[in-house]
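Visitor: Listed below are the residues making up each chain.
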Amino acid sequence: MGVLMEVRGLRLYYSTRKGVVKAVDNVSFQLMEGETLAVVGESGCGKSSMAKAIIRLLPRNVHTYDGSIIFEGRDIMKLDEETFRREVRWRKISMVFQGAMNSLNPVLKVGFQVGEPLMIYDGLSKEEAIARARKMLRMVGIHEAFADRYPFELSGGMKQRAVIAMALITNPRLVILDEPTSALDVITQANIMNMLKRVRDEYGLSYIFITHDIALSSELADKVAVMYAGQIVEVADAEIFYREPSHPYAQKLMASVPTLRTDKKLEFIPGAPPSLLEPPPGCRFHPRCPYAMDICRREEPPVIDLGGGHKVKCWLYAKR
Amino acid sequence: MNYMRAGGVVKGLAKRAIMLYLTLVISMYITIVVANMGGLVDQYIKSQLILEITYNIKRNPEYRNLPPAEIDKLIKKTFEIEIKRRGLDKPFLVRSFIYLKDALTLDLGRAMYLQSDSGSRQVKIIILERLPQTVMLFTTSMLIHFFVNLFMGLYLARHYGSFLDKLFIALSPTSVIPGWFYGIFLILIFYSWLHVLPPGGIVDVPPPEDPILYSLSVLKHMILPLASWIISGFFLGCYSSRTFFLIFSTEDYVEAARAKGVPPRLIERRYILRPALPPIVTNFALGLIGSWSGAIITERVFNWPGLGMLTYNAINAFDTPVLVGITVIYAYLLMITVFLLDIVYVLIDPRIRLSLGGR
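Residue numbers (the numbering used here), protein chains in the order written: chain A, 1 to 320; chain B, 1001 to 1359.
Quick caveat, the hints were computed from the structure, so don't treat them as lab data.
Ideal placement from N, C-alpha and C gives every residue a C-beta, glycine not left out.
It cannot be assumed that every hint is accurate.
Heads up, simulated EDC-like pairs for lysine to aspartate or glutamate below, C-alpha to C-alpha not over 20 angstroms straight-line [as the list claims (entries may be wrong)]:
| hint | chain 1 | residue 1 | chain 2 | residue 2 |
| --- | --- | --- | --- | --- |
| 1 | B | 1220 | B | 1209 |
| 2 | A | 109 | B | 1129 |
| 3 | A | 92 | B | 1255 |
| 4 | A | 126 | A | 144 |
| 5 | A | 78 | A | 66 |
| 6 | B | 1077 | B | 1042 |
| 7 | B | 1077 | B | 1052 |
| 8 | A | 109 | B | 1251 |
| 9 | A | 252 | A | 263 |
| 10 | A | 197 | A | 35 |
| 11 | B | 1011 | B | 1268 |
| 12 | B | 1101 | B | 1089 |
| 13 | A | 109 | B | 1042 |
| 14 | B | 1220 | B | 1252 |
| 15 | A | 109 | B | 1165 |
| 16 | B | 1076 | B | 1089 |
| 17 | A | 109 | B | 1089 |
| 18 | B | 1073 | B | 1107 |
Partner residues are not named here, just some residues of chain A that face chain B (Cβ under 7 angstroms, in silico) [what the hints assert, rightly or not]:
| hint | residue |
| --- | --- |
| 19 | 57 |
| 20 | 61 |
| 21 | 65 |
| 22 | 90 |
| 23 | 95 |
| 24 | 99 |
| 25 | 104 |
| 26 | 106 |
| 27 | 107 |
| 28 | 117 |
| 29 | 149 |
| 30 | 150 |
| 31 | 155 |
Non-contacting residues of chain B with respect to chain A, defined by C-beta distances greater than 12 angstroms in every case (computed) [to be verified]:
| hint | residue |
| --- | --- |
| 32 | 1015 |
| 33 | 1039 |
| 34 | 1040 |
| 35 | 1060 |
| 36 | 1072 |
| 37 | 1082 |
| 38 | 1096 |
| 39 | 1115 |
| 40 | 1293 |
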């Protein structure tokens, strides 16, 4: 397996009335071909911003956008907008948006919307594109007759599947799934997770799976990245991570997951995620960290390699 | 549309039509009661009548030598005959329903005081004579408004935050001032000061014989009233349609379309305008029929012989049949437009089509 994508020092800052919001601050990670990276973290920690930075769908108020993203051997950050649109976005990297319920235009038929990228990129006729859309809908588990329906005639789960079909139609290498099941009931959620697994194995896809639900992430993840205040604080193989997370924040996060039928007291993390306008100095987690030391308040922790691709950004693991 | 079960849609539309007609009947009845001031206008008519009859009889040389008691009796008799002839002997409640039936069958009757320019007292003729002038001025203004707002709104939404965008926001309060007020200033500038345009009326006096010169003269008279309305609505209109498009362009599916690589122009057409079509069409249709009722003050300021002026005169003269007539015609137009809108919705919006039972 080769490296599919390598992100180095990715930054995305927004300028707002109150100041500069450091939504993604110096993020680096590696993604192998066919691998699924789960990105977990609380709301507002920069997960969605990272996704948007990778697929370069930026809002108007961008302040800083830099770093490098090596995708299949070339730095796609260096491409101009038009080339990026033509060659990368949706062809190589596609995305399932948060709130997929509203990702479909209410007055266009589902089949048309799923097939639309083919008409745009490959110059397929409407009929050919819709025929391909039907196949893709079947692939994600929707009866192809729904290609001729309008979005409001589909249930939430079906809409979600249709949006996934829309992301897969151009046969991309990487699909970014931004909270793909957050508004669905658990049964539908499970069905969709199984479908995502099946599709991944069939096409050899890579996923970046963004979620705030750690339990759910374990369904799909080969590797887990924990984000906190715009930074990745821990990356580890799924097996290692779910068994024993290293970063105090990741530990707390794991402890807050409810389990069935065991009388465990759910833990929570005191305080709220820090403002991304003025993140705390030193380690960004130190105000909420039970192990906070003097150095945590003063200096930003280094990224420490624990071996086997397990990296953690915490002073506790620094050899002094 | 090929799977549409036409039956369901037809049934749904038929229901709508019935509801609309019921609304029309009720609103017409209320109008009749109000325009007659719940019967008070009767008193007014009766005293007018007595005055008229007394005056006529006393002036008539034939009756000059009759004793006063006889004259009184004669007045009373003539009065009663006249009351009966006009149907005023029945109680108002009964008559209100007769009026309602006449109104609904578009039997608008005769005006009490007003006349058409050709001398007719038929309410229908009086109104139809004024309608074209009003349509010519206000429908033109409405159409210009609508398209300017639409395209300017799209342009501003596309250039959100630009200097022009901010300028329009800053200038939008100018629309608080009504059109006729700008009209007065325009008259001052272009008539009183520059002497280039007429202050009012619809055509030169005397009217030119040649039809081409005649229409040019009408056009010349239209410039100021048209300009006053367009100036008054311009900034606010563009501003609100810009905001409307901005709201529609923040929908998730617009973002998704952008991500899919749909080119910006196509996004505007397919993902912003298409879903926004029902409210746009509604705006257009209601603006259109709104323009047919004219504008009372603007027509007075520019001395424009349209329906607004007619309404003004009818109110002043207590001419109930004319008022009721104007309302009836307008109510019918409104009802028909709303019904046509329902059909248009069915054609342009699948959500409405299916909620009516089509497939």
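Visitor: A separate judgement is required for each hint: does it hold in the structure or not?
Guide: For each hint, the structure was consulted:
no.: 1; hint: B:1220 <-> B:1209; result: holds, 16 angstroms
no.: 2; hint: A:109 <-> B:1129; result: violated, 49 angstroms
no.: 3; hint: A:92 <-> B:1255; result: holds, 18 angstroms
no.: 4; hint: A:126 <-> A:144; result: holds, 16 angstroms
no.: 5; hint: A:78 <-> A:66; result: holds, 10 angstroms
no.: 6; hint: B:1077 <-> B:1042; result: holds, 18 angstroms
no.: 7; hint: B:1077 <-> B:1052; result: holds, 14 angstroms
no.: 8; hint: A:109 <-> B:1251; result: holds, 17 angstroms
no.: 9; hint: A:252 <-> A:263; result: holds, 17 angstroms
no.: 10; hint: A:197 <-> A:35; result: holds, 11 angstroms
no.: 11; hint: B:1011 <-> B:1268; result: violated, 35 angstroms
no.: 12; hint: B:1101 <-> B:1089; result: holds, 18 angstroms
no.: 13; hint: A:109 <-> B:1042; result: violated, 61 angstroms
no.: 14; hint: B:1220 <-> B:1252; result: violated, 49 angstroms
no.: 15; hint: A:109 <-> B:1165; result: violated, 34 angstroms
no.: 16; hint: B:1076 <-> B:1089; result: holds, 14 angstroms
no.: 17; hint: A:109 <-> B:1089; result: violated, 65 angstroms
no.: 18; hint: B:1073 <-> B:1107; result: violated, 36 angstroms
no.: 19; hint: 57; result: holds, 5 angstroms
no.: 20; hint: 61; result: violated, 10 angstroms
no.: 21; hint: 65; result: violated, 16 angstroms
no.: 22; hint: 90; result: holds, 5 angstroms
no.: 23; hint: 95; result: holds, 6 angstroms
no.: 24; hint: 99; result: holds, 5 angstroms
no.: 25; hint: 104; result: holds, 6 angstroms
no.: 26; hint: 106; result: holds, 6 angstroms
no.: 27; hint: 107; result: holds, 5 angstroms
no.: 28; hint: 117; result: holds, 5 angstroms
no.: 29; hint: 149; result: violated, 9 angstroms
no.: 30; hint: 150; result: holds, 5 angstroms
no.: 31; hint: 155; result: violated, 15 angstroms
no.: 32; hint: 1015; result: holds, 22 angstroms
no.: 33; hint: 1039; result: holds, 52 angstroms
no.: 34; hint: 1040; result: holds, 53 angstroms
no.: 35; hint: 1060; result: holds, 75 angstroms
no.: 36; hint: 1072; result: holds, 77 angstroms
no.: 37; hint: 1082; result: holds, 63 angstroms
no.: 38; hint: 1096; result: holds, 46 angstroms
no.: 39; hint: 1115; result: holds, 52 angstroms
no.: 40; hint: 1293; result: holds, 33 angstroms
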